[in-house]
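Trainee: Chain by chain, the residues run as shown.
2 protein chains.
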Amino acid sequence: MSQQTSQQETFSGNLLVAQGGCPTPVVNASLAGVISEALNHEDEIVEIYGALNGVTGILNEQLIDLASESQQTVRALRQTPGAALGAGVSKLEAQADFDRVLDVFAAHDIRYFIQIGGNDSQDTAAKINAAAAKRDYALRVIGVPKAIDNDLAVTDHCPGYGSVIKHIASTVREISFDNAATGRHDFVSILEVLGRDAGWIAAGAVLAKRRNALLEDPPHLILLPEEPFNQSAFIDAVQATLRKQKYCFVVVAEGVKDPEGNPLGADVASADASIGAGEFLRTLVEQNISGVKARAAKLGISQRTASLNTSKTDGDEAYLAGQAAVKAAVAGETGKMVTLVRDDKDATAYSVRTDLAPLEDIANSVKPFPASWIGEDKMSVSYAFTKYATPLIQGENTVPFDSGLPKFAILAAHKVERDLEPYSPAQ
Amino acid sequence: MSQQTSQQETFSGNLLVAQGGCPTPVVNASLAGVISEALNHEDEIVEIYGALNGVTGILNEQLIDLASESQQTVRALRQTPGAALGAGVSKLEAQADFDRVLDVFAAHDIRYFIQIGGNDSQDTAAKINAAAAKRDYALRVIGVPKAIDNDLAVTDHCPGYGSVIKHIASTVREISFDNAATGRHDFVSILEVLGRDAGWIAAGAVLAKRRNALLEDPPHLILLPEEPFNQSAFIDAVQATLRKQKYCFVVVAEGVKDPEGNPLGADVASADASIGAGEFLRTLVEQNISGVKARAAKLGISQRTASLNTSKTDGDEAYLAGQAAVKAAVAGETGKMVTLVRDDKDATAYSVRTDLAPLEDIANSVKPFPASWIGEDKMSVSYAFTKYATPLIQGENTVPFDSGLPKFAILAAHKVERDLEPYSPAQ
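From first to last, the protein sequence lines stand for chains A and B.
Per numbering that gives the first Met the number 0, the very first residue in the first sequence carries number 0; after that it's consecutive.
Per numbering that gives the first Met the number 0, the very first residue in the second sequence carries number 0; after that it's consecutive.
The hints are simulated quantities; they were obtained by calculation from the structure and are not laboratory data.
Glycine is no exception: its CB is placed at the ideal position from the N, C-alpha and C atoms.
Be a bit skeptical, because a hint or two may be false.
[To be verified] Not everything, but these chain A residues come out facing chain B in the computed CB check (under 7 angstroms): (1) ALA82; (2) ALA86; (3) GLY87; (4) LYS165; (5) THR181; (6) ALA239; (7) ASN308; (8) GLN393; (9) PRO399.
[Claimed, not checked] Reference listing, derived: stretches of chain B covered by chain A, where coverage requires no fewer than 3 residues with Cβ under 8 angstroms from a Cβ of chain A: (10) 305 to 316; (11) 366 to 374.
[Unchecked claim] Stretches of chain A that chain B covers, calculated by requiring three or more beta carbons in the stretch to come under 8 angstroms of a beta carbon on chain B: (12) 119 to 132; (13) 142 to 153; (14) 167 to 174.
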């Protein structure tokens with residue numbers, strides 16, 4: 000196999016795919032897209048390898064053979080939460096680490112590197128691409144976006160986001176049916192959701208409001224990390240809601256901060272003692288509004304693992320992005336990330352195509368939640384957001400069950416033999 | 000219509016159904032069973048009414064006409080969380096209230112009263128039955144069991160329980176795929192579940208362990224309210240798990256108490272400031288085991304509203320129990336609750352039939368989690384429990400969707416005209 004390529008001969012070698020950062024509900028769908036598409040290019044792609052635990056697995060030369068996984072397993076990946084390859088550390092900084100990555104690539108003739116991940120992962124992919132160019136090692140690096148926080152630049156939205164907000168909006172709606180059933184009239188239901196810095200996820204809860212239903216559908220108040228918490232305005236808003244409704248439904252992002260910049264519920268002396276934003280609001284409401292009962296839930300990691308309510312649109316786009324990455328690499332692209340482009344934002348029918356953007360454009364920026372989409376009361380989001388987000392939660396996936404529980408893919412994970420000496424990572 | 004009955008003439012009149020106590024994922028399935036079966040007995044049952052907000056709605060004469068609900072709505076009740084009639088207060092004590100109930104019943108010729116509910120609701124049903132007998136008012140009262148806590152006496156299990164533990168076991172499994180994906184090796188995942196006094200719900204998480212998988216499948220530790228919290232034994236057990244596994248998965252019931260009887264996480268000075276058992280354990284673990292990272296989630300009310308993962312077995316039994324209550328009432332029974340009887344506990348195939356038990360036997364007792372089903376380490380449950388619980392989570396329901404979210408039934412709720420003066424409840 001040629002270690003150098005020219006335009007005349009076919010660029011050929013092995014493909015390596017890695018998953019970086021935290022899992023999303025569909026990050027394995029992207030992996031399935033990569034594997035399936037890679038099988039279509041047998042002239043260009045010889046072996047299909049996966050790196051265990053992201054870049055850590057590359058440094059430690061922990062590669063597995065993905066082509067030997069069964070078709071059943073690859074199909075089941077589309078409904079499997081977590082990150083089948085293992086994720087975790089996604090960022091490399093030290094020059095020695097990049098040298099090691101290229102040593103491992105050379106040892107295993109890796110010529111295509113597909114990095115599924117968020118900001119940090121794409122930053123590392125960009126740097127691996129640059130290091131390869133510097134060493135004159137022929138390599139094509141393509142990123143696949145992934146972020147439940149929806150905070151990657153350039154792409155219209157991120158695979159993973161639609162499924163998370165579909166689950167949260169469904170959960171809000173489900174809980175609201177329970178709230179409505181209680182005989183009480185002064186009940187406050189609080190749901191704490193993910194989102195340390197950006198309100199994308201909390202905002203998604205607004206989709207629980209149905210156009211054909213009362214405007215007063217829950218959630219009634221949405222607190223985003225973009226807006227400092229205003230205690231008296233919040234209490235007033237809860238009371239105003241309770242004057243009109245049987246209950247008040249509050250969605251709060253975990254990262255909402257008080258005017259001094261401290262996260263709600265954090266013990267300033269010991270961050271570990273934080274009770275969390277939801278529990279903080281529950282106590283606040285009960286102490287400040289007499290006769291009111293409040294309950295808080297914190298879905299935690301389950302927000303990004305809820306397999307039964309992933310969005311088909313989201314899963315299909317995640318798969319498509321994985322396929323597109325392989326196609327781009329085979330076509331000669333490198334140093335790019337796949338992006339999702341909404342074909343016509345004003346058309347009634349939603350459609351998406353993939354495009355490519357330089358990794359550097361992704362790595363060094365985040366997409367904030369637009370200030371113009373935050374309501375004047377700072378506790379709601381605009382209809383423009385609803386229009387943007389509604390298509391992302393459409394469609395459902397069928398999850399196979401086994402004896403009462405969802406059945407997930409577990410990789411056989413046949414190891415690729417090591418060629419190099421063990422390595423002590425620089426970081 | 001005759002106000003008195005004899006064996007010769009048909010006992011005939013109107014049926015009233017109420018839902019009491021907190022909602023379960025399938026309490027509306029029981030309501031659907033009651034309505035559907037009532038329609039089969041047109042000679043005996045003239046009108047089918049529902050009481051809004053349980054016994055409160057009876058006192059306030061807030062009755063709705065259920066026979067006029069569409070077939071579609073009644074069918075959709077089987078997948079709708081909450082309590083469609085409204086639930087809430089379930090217990091009456093004052094003699095004046097019982098008098099009022101019978102006045103309302105007489106005004107609307109209620110001859111069949113079906114009470115869907117737990118302990119308190121069945122206690123009230125028993126007292127209404129006794130009050131009717133004392134007044135010589137011909138009435139047939141039948142209870143339908145409902146309890147996510149699975150704590151009703153006599154019945155093998157309670158409708159609602161199977162769906163809750165199916166959701167929790169699925170969630171444990173889903174989160175564990177995320178935990179396994181993290182590159183770290185010292186991670187503790189904590190899930191706080193419902194259960195103030197009994198460990199039935201927390202125990203159900205054990206079903207996430209699959210027989211065909213490693214014995215080390217999560218959850219690794221299950222803390223039940225029946226066992227006082229032993230801090231050093233817990234820390235030891237977490238450390239022992241982390242020596243063998245990449246992560247340690249802990250399920251903790253909200254009602255676990257320290258040896259002094261205080262709920263974990265409660266601020267003894269102010270119960271409102273409780274951080275909850277899960278958050279308490281998270282802090283405890285991080286402070287006592289160096290280098291360990293922990294995360295806690297608290298599913299809260301969503302445990303009893305998760306519509307997408309209800310157990311078909313559970314929903315079918317809830318519906319069956321509703322039907323059985325009407326059949327029993329029509330057959331002349333009164334003062335009884337429908338029970339579920341496991342036909343043969345040792346047979347390989349699970350089958351259930353309904354029976355009846357006196358309401359008094361249900362009202363004044365609870366079914367504790369059997370001590371013999373708690374492991375010697377006090378942090379696990381036995382295989383006998385797994386055998387008991389596994390059939391209860393089998394089968395899935397198909398939930399219709401509307402524009403990306405599950406579609407639920409909303410009753411048209413046509414009001415029955417009031418005949419009486421307004422009432423001020425005694426309590």
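Trainee: A separate judgement is required for each hint: does it hold in the structure or not?
Mentor: Evaluated hints:
1. Restraint check, A:ALA82 versus chain B: the minimum CB separation of about 4 angstroms is within 7 angstroms; hint holds.
2. Hint status for A:ALA86: holds, given a least beta-carbon distance of 5 angstroms to chain B, under 7 angstroms.
3. The beta carbon of A:GLY87 is positioned within 7 angstroms of a beta carbon in chain B (closest approach about 2 angstroms), and the interface hint is therefore held.
4. Restraint check, A:LYS165 versus chain B: the minimum CB separation of about 6 angstroms is within 7 angstroms; hint holds.
5. Of the supplied interface hints, the one on A:THR181 holds, with its beta-carbon coming within about 5 angstroms of a beta-carbon of chain B, less than 7 angstroms.
6. Interface hint status for A:ALA239: violated, as the beta-carbon distance to the closest one in chain B is roughly 23 angstroms, over 7 angstroms.
7. Because the smallest distance between the Cβ of A:ASN308 and any Cβ of chain B comes to about 5 angstroms, under 7 angstroms, the interface hint for this residue holds.
8. The interface hint given for A:GLN393 is met, as the beta carbon of that residue sits about 5 angstroms from the closest beta carbon of chain B, less than 7 angstroms.
9. Checking A:PRO399 against chain B: minimum C-beta separation of about 10 angstroms lies over 7 angstroms; hint violated.
10. Requiring three or more residues with a Cβ within less than 8 angstroms of a Cβ of chain A, the coverage given for the stretch 305 to 316 of chain B holds, as 5 such residues are present.
11. Under a criterion of three residues with beta carbons nearer than 8 angstroms to beta carbons of chain A, the stated coverage of the stretch 366 to 374 of chain B fails, only 0 such residues being counted.
12. For a cut-off of 8 angstroms, the count of residues in the stretch 119 to 132 of chain A with a CB near a CB of chain B stands at 0, and the three-residue condition is violated.
13. Only residues whose beta carbon comes within less than 8 angstroms of a beta carbon in chain B count, and the stretch 142 to 153 of chain A has 0; fewer than three means the coverage is violated.
14. Counting residues of the stretch 167 to 174 of chain A whose beta carbon lies closer than 8 angstroms to any beta carbon of chain B gives 6, which reaches the threshold of three, so the coverage claim holds.
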